[in-house]
Amino acid sequence: MIRFGIIGTNWITEKFIDAASNIEDFSLVAVYSRTEERAKAFAAKFDVTNIFTDLETMAKSDVLDAVYIASPNSLHAEQSILFLQHGKHVICEKPLASNVKEAEAIVQTAKAHGVVFMEALKTTFVPSFVSIKENLHKIGTVRRYFANFCQYSSRYDKYKEGIVLNAFNPAFSNGSLMDIGVYCIYPMVALFGEPTDLRANAYMLESGVDGEGTVIFSYPEMEGVVSFSKISNSFIPSEIQGEKGTIVIDKISTPSKVEIHYNDGTVEDISRPQVENTMYYEAKEFIELIKENKTESQINTYANSLTTSKLMERARKQIGLVFPADRN
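For the sequence shown, the UniProt record's numbering begins at 1 and goes up steadily by one.
Derived from the structure by calculation, the hints contain no laboratory data. A portion of the hints provided could be inaccurate.
[Unchecked claim] Listed next, the in silico DSS-like pairs over lysine-lysine satisfying Cα-Cα at most 30 Å (straight line):
{"id": "1", "residue 1": "Lys294", "residue 2": "Lys101"}
{"id": "2", "residue 1": "Lys60", "residue 2": "Lys111"}
{"id": "3", "residue 1": "Lys294", "residue 2": "Lys317"}
{"id": "4", "residue 1": "Lys15", "residue 2": "Lys244"}
The structure displayed is predicted, hence computed values, not measured ones.
Let the hints inform the model, and build the full structure from the sequences given.
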């Protein structure tokens, strides 16, 4: 049984717990929140008795083996490193860090202490994404990867009223590239590796973060085009275009319906059955790594996380998106 602690008491945390609860070796034993009242309220939902309002005390505690981190982006590195240093396994929400320097520090700490660190980017574990990888050869030489994820944020309404919540505050290392663009970029890296160059453009909000943007990535034989937004919706699917056909993906963050449209007009459905709460697959991978005494996922590898972090940092420099964490 792997005893989990939780950092962050929001909807994504509840979704992770719901997914992981379907895995035999998952046990939720501890909850952290800055306020005791919120920690108690959240813990009560899941009959958890261990409550922490101090992270260092939690990291040193022997009541837990692993921690799921779903705090603001700006806190990911500091919190991950703290728990790794105390021998706790860490699964941390995407993006794993504010910048490459922080990401590298996380990986170095995990290696030094012989514990598991994994970025919780769920897409790559979803069965229909695995199918994309396994069927990619069918479309011949790939010429374009196009990933589109534009989702109007409910917090943008508040922003327009003059209330800047975390989602649009650069102090928390947020913005559309970090929060949504990562879902477009990470799968590209997982499928095609690191591009040779990139060009980024974005609409910057007065608060200092990007509301929406586009990045074009150059590869020797293809290009990657990613489009992301927190201030508008899009209903266009994503595609991987090859010389023999095109893979059409309904939603890049959570592929469910995936088809190959061949040049001769035939269509092959390569979708695979999968559970509704797709966070199940990342939780399962993380728990299996711990049980098998492995320290790194072969799917969400350190290399994939570091490359994605590097690309997002380069894109940020081009659009002028700077975080307080970059000045440290």
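Tested hints:
no., hint, verdict
1, Lys294 to Lys101, "24 Å, holds"
2, Lys60 to Lys111, "19 Å, holds"
3, Lys294 to Lys317, "35 Å, violated"
4, Lys15 to Lys244, "39 Å, violated"
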